[in-house]
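Novice: Chain by chain, the residues run as shown.
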Amino acid sequence: MVEITRAGGDVPVATPRWRLVARRFLRHRLATASLVVFLLLVLLAFVGGALWHYSYDVYTPDNSHPPSLEHPFGTDATGYDLLAQVLRGTQRSVEIALFVAAVSGVFGSVWGAVAGLHGGKVDTLMMRVADLVLIFPAIAVAAVLANNVGASSQGWLLIGLVLAALTWPYVARLVRGLVLSLREREFIAAARTFGAGSWRIIFRHVLPNALGTIIVAVTIIVAVAILAETALSFIGFGVRPPDTSLGLLISQNQTAVATRPWLFYFPGLFIVLIALSVNFIGDGLRDAFDNTRSRSRR
Amino acid sequence: MTRQATTEVLGVHDLTVSFPDERGRVTAVRGVSWSLRAGEVLGVVGESGCGKSATALAVMGLLPHGARVGGSVRFRDRELLGLRDDELAAVRGRSVAMVFQDPLSALNPVYSVGFQVAEAVRAHHPGLGREEAVERAIALLELVGIPNARDRVADYPHEFSGGMRQRVVIAIAMADDPDVIIADEPTTALDVTIQAQVLDALRTAREQTGAATVLITHDLGVVAGQADRVVVMYAGKVVESGTVEEVFYTPRMPYTLGLLGSLPRLDGARDARLTPVAGTPPALDRPITGCAFAPRCPLATDLCRTEEPPLAPVDGEHLAACHFSADLVDRRPEDVFPPRPAPLPPDTPVAEQATPIVTAAGLVKHYRVRGAGLFRRDRGELHAVCDVSFDLSTGETLGLVGESGSGKSTIARLLMSLEDPTGGRVLLDGEPLARRGHARDLQIVFQDPMNSLDPRMTAADLVAEPLRVNGTGRREARVRALELLRSVGLSGAGSERYPHEFSGGQRQRIGIARALALRPRVLVLDEPVSALDVSVQADVINLLEDLRDALGLAYLFIAHDLSVVRHIADRVAVLYLGRVVETGDRDAVFDHPRHPYTRALVSAVPLPDPRKERARERIVLTGDVPSPVDPPSGCRFRTRCPEYLGGLTDAQRARCAGEVPALLDGVACHWARP
Ligand code: SF4
Ligand code: SF4
Chain A
1 MVEITRAGGD
11 VPVATPRWRL
21 VARRFLRHRL
31 ATASLVVFLL
41 LVLLAFVGGA
51 LWHYSYDVYT
61 PDNSHPPSLE
71 HPFGTDATGY
81 DLLAQVLRGT
91 QRSVEIALFV
101 AAVSGVFGSV
111 WGAVAGLHGG
121 KVDTLMMRVA
131 DLVLIFPAIA
141 VAAVLANNVG
151 ASSQGWLLIG
161 LVLAALTWPY
171 VARLVRGLVL
181 SLREREFIAA
191 ARTFGAGSWR
201 IIFRHVLPNA
211 LGTIIVAVTI
221 IVAVAILAET
231 ALSFIGFGVR
241 PPDTSLGLLI
251 SQNQTAVATR
261 PWLFYFPGLF
271 IVLIALSVNF
281 IGDGLRDAFD
291 NTRSRSRR
Chain B
1 MTRQATTEVL
11 GVHDLTVSFP
21 DERGRVTAVR
31 GVSWSLRAGE
41 VLGVVGESGC
51 GKSATALAVM
61 GLLPHGARVG
71 GSVRFRDREL
81 LGLRDDELAA
91 VRGRSVAMVF
101 QDPLSALNPV
111 YSVGFQVAEA
121 VRAHHPGLGR
131 EEAVERAIAL
141 LELVGIPNAR
151 DRVADYPHEF
161 SGGMRQRVVI
171 AIAMADDPDV
181 IIADEPTTAL
191 DVTIQAQVLD
201 ALRTAREQTG
211 AATVLITHDL
221 GVVAGQADRV
231 VVMYAGKVVE
241 SGTVEEVFYT
251 PRMPYTLGLL
261 GSLPRLDGAR
271 DARLTPVAGT
281 PPALDRPITG
291 CAFAPRCPLA
301 TDLCRTEEPP
311 LAPVDGEHLA
321 ACHFSADLVD
331 RRPEDVFPPR
341 PAPLPPDTPV
351 AEQATPIVTA
361 AGLVKHYRVR
371 GAGLFRRDRG
381 ELHAVCDVSF
391 DLSTGETLGL
401 VGESGSGKST
411 IARLLMSLED
421 PTGGRVLLDG
431 EPLARRGHAR
441 DLQIVFQDPM
451 NSLDPRMTAA
461 DLVAEPLRVN
471 GTGRREARVR
481 ALELLRSVGL
491 SGAGSERYPH
501 EFSGGQRQRI
511 GIARALALRP
521 RVLVLDEPVS
531 ALDVSVQADV
541 INLLEDLRDA
551 LGLAYLFIAH
561 DLSVVRHIAD
571 RVAVLYLGRV
581 VETGDRDAVF
591 DHPRHPYTRA
601 LVSAVPLPDP
611 RKERARERIV
621 LTGDVPSPVD
631 PPSGCRFRTR
641 CPEYLGGLTD
651 AQRARCAGEV
661 PALLDGVACH
671 WARP
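Protein chains in written order, with the numbering used here: chain A, 1 to 298; chain B, 1 to 674.
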């Protein structure tokens, strides 16, 4: 129990909130380990890719070599170095996933919070729009759109936008449900009594309390985006060669599973690592932002 | 006393209970002993977390997994601890019945109430036919005071109100014909008039079955009226036990004394300041050396802090656990617990003002009620507040009392513009209230600070927020927030903690500090102390009184607890189903209630004074509060009014049913006694 003395007039300095959050996050072992793994992967992809002496779009004289010192991940039938390709693919996949998560997370949260807080007609209208997006056959739409834009150099960005436009309603619905219950809490009423406006209530009271849920939703979207990108590439509408992504690599090399398994398993391993680590990071973040879970009293 | 009255039926000896917790093991019960004798009522009192409910659960063998129990629990000659579940169930079913705080969890939602009582009857009398069992069930339901029991046997638990359900549970307990009834906070969630009905039903059950009863409650008034002997618990131990008279009139342990002194009383025996017990009970996750009460005890010495006082006889069977119980003979709470000095006023007092600050003129609030389901059929209007008027001047406290459904919280929301009135208006200094912009003058403190404080903000941020919203700079708001926290008795390191890290009383102080941030002239206090334990409650009441006097605040004090209102209010208004039925000076209303409802309400409040409480004539109302969706015509109280149901002539009755009684001379009753 906290004992508060009646004496003492010192003005204590507040520990910045981010530091409290960081402290709680670091206490979560699996999450911390996952963060390290994820950062290493990203570093490897972006820095390692630039340093590696083979480029993802240059043929080497070696065809279908199994992993060796020269080609740690081996090469494919046309002579591409798979390590270079996997690193490049990781870049693309991570970029797309994070982009999708950020855009649909922010947009969906605000949309859901506004709808839930206002209720009534505004709510009905906003949620109808969200439902409409949800019933779109996502992959088909993405395929059509990506087909038209996929070839350009900024293709990944457009794919990201398309995926974000299709996933935000999940976040919006989740946040709205949460806000509907938060709205009944008296601290929202209290904020109104001293004159706080809707935006202040949304950003100061509703979203911070919904943060845990939002983070979990967003990490799921990261995983979904990576898989969606894989699926798109698999059916041939995602990132186009010579550029590559993890999904594209898997789809190109699916036939090689039996004969040259390295071509399939290395990109697969990277996808699994990214998806898992993002998931655990999400768990850790949720707990870290939820100060009511902290057991440390001092 | 008969010979039988001294035989023990249930004995708890040196019982210990511990639970696993995130922080280790919490020892909730640390060696408790008491014995229940045949035919008697043993009251077990204490504040939340004192281990009284854990004791009951251990006795019943209902502790959750992971709990560890030690010591002994004997039912007659049988040791209950360590019995297998089925053996225990056999003892429980036949000899020990339970009544819990939440009756809904004790009833099976998919069977009709009549079926469940009849089952209990048949379990006990296997030879009985179905028809006969149902007849017996109806008789039992009538006995516990369920009106039209015959018509209601086919109804399901959710169709009954809380008080009715509790009576059904009691009827089932009676059907078991137990030797022991264990009632754990049986009336805590109920309104006072309903509480009186349930206590009556419990008494009937006792008399019919001759069962000895363990009555576990935090309400000293209930114990004073019902129990023969009392056990007072603190921090997992018994600290005092004896007959009710001994414990209530000659307490010999400082905690008991403090508990009695911190209780506001309806009988107005003490108009002085309450004597709160400072601090909070100790955490039970590590061993306690010495007297567990020492950190809060004004008499504590070094001996107390090192050596634990045994529960020793002070006078015959009167036991107390205190090294200095001999010194406590004839001491009053205020001798032992010095009233704390008033905290510093944060501002200069406002000048007195004779004209009302706030006026409510003919407030009406209806809600549309829609059914569930696809078409959301309109089910009519809920008449929450109906033509309520009052005014409030500087430095004055108006108490708004009423049971659930009386509309008192809706009135608070209307005053705060959290809802728009259907009719009538709220005037501030004679001007209609603008939708916003009144923020500075009217502020509210909610009942449950856990709910009304944003869990993601620190105490300092919470108190600073109203200032920030209204344009104060960050630094200035922070300095003022710390100042405010200090003025409500919180200071230093606490300002950076989150609400869940405080105790209930401290949280409510944060709520009060926040409400004061904008220097309002009026505070609306919506059940501000009802979520708190008595010793803590007294502290918050004192704080509110100090702040009112220092700042010249006006309070609208909304509460269901008449004793608290009597203590703090100058005037009161009694609400029933959205209407004011009686209003006037506090002493006039409580000492000479004129409206039949007020009379019943006042008589239903238990006094923490065994002799007075037993001598009192109680008016027990029949039935429940009708639904506000379809309130009775004419006088809304008539479905429960003892006059209407008993004393009046047909012609008089016709007037009650046909004409809404106006609030004349402070009473809204056609046949009010002068
Ligand atoms: S033993 Fe000491 S600390 Fe405990 S109640 Fe008695 S006087 Fe107070
Ligand atoms: S008006 Fe009639 S029914 Fe209403 S309280 Fe008076 S006597 Fe009872």
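Some hints could be false.
[Said to hold, decoys possible] Selected chain B positions facing chain A (in silico; Cβ < 8 Å): (1) L418; (2) D420; (3) T422; (4) G423; (5) V426; (6) I444; (7) S452.
No wet-lab data here; the hints were simulated from the structure. Ideal placement from N, C-alpha and C gives every residue a C-beta, glycine not left out.
Novice: Are the hints correct? Go through all of them and say.
Specialist: Quick rundown of the hints versus the structure:
1. L418: Holds: closest Cβ of chain A sits about 5 Å from B/L418, inside 8 Å.
2. D420: Violated - the Cβ of B/D420 stays beyond 8 Å from chain A, reaching only about 13 Å at its closest.
3. T422: Where the cut-off is 8 Å and the nearest Cβ of chain A is about 18 Å from B/T422, the hint is violated.
4. G423: violated, 22 Å
5. V426: At about 13 Å, which exceeds the 8 Å cut-off, the nearest Cβ of chain A leaves the hint on B/V426 violated.
6. I444: At about 5 Å, which falls below the 8 Å cut-off, the nearest Cβ of chain A leaves the hint on B/I444 intact, so it holds.
7. S452: holds, 4 Å
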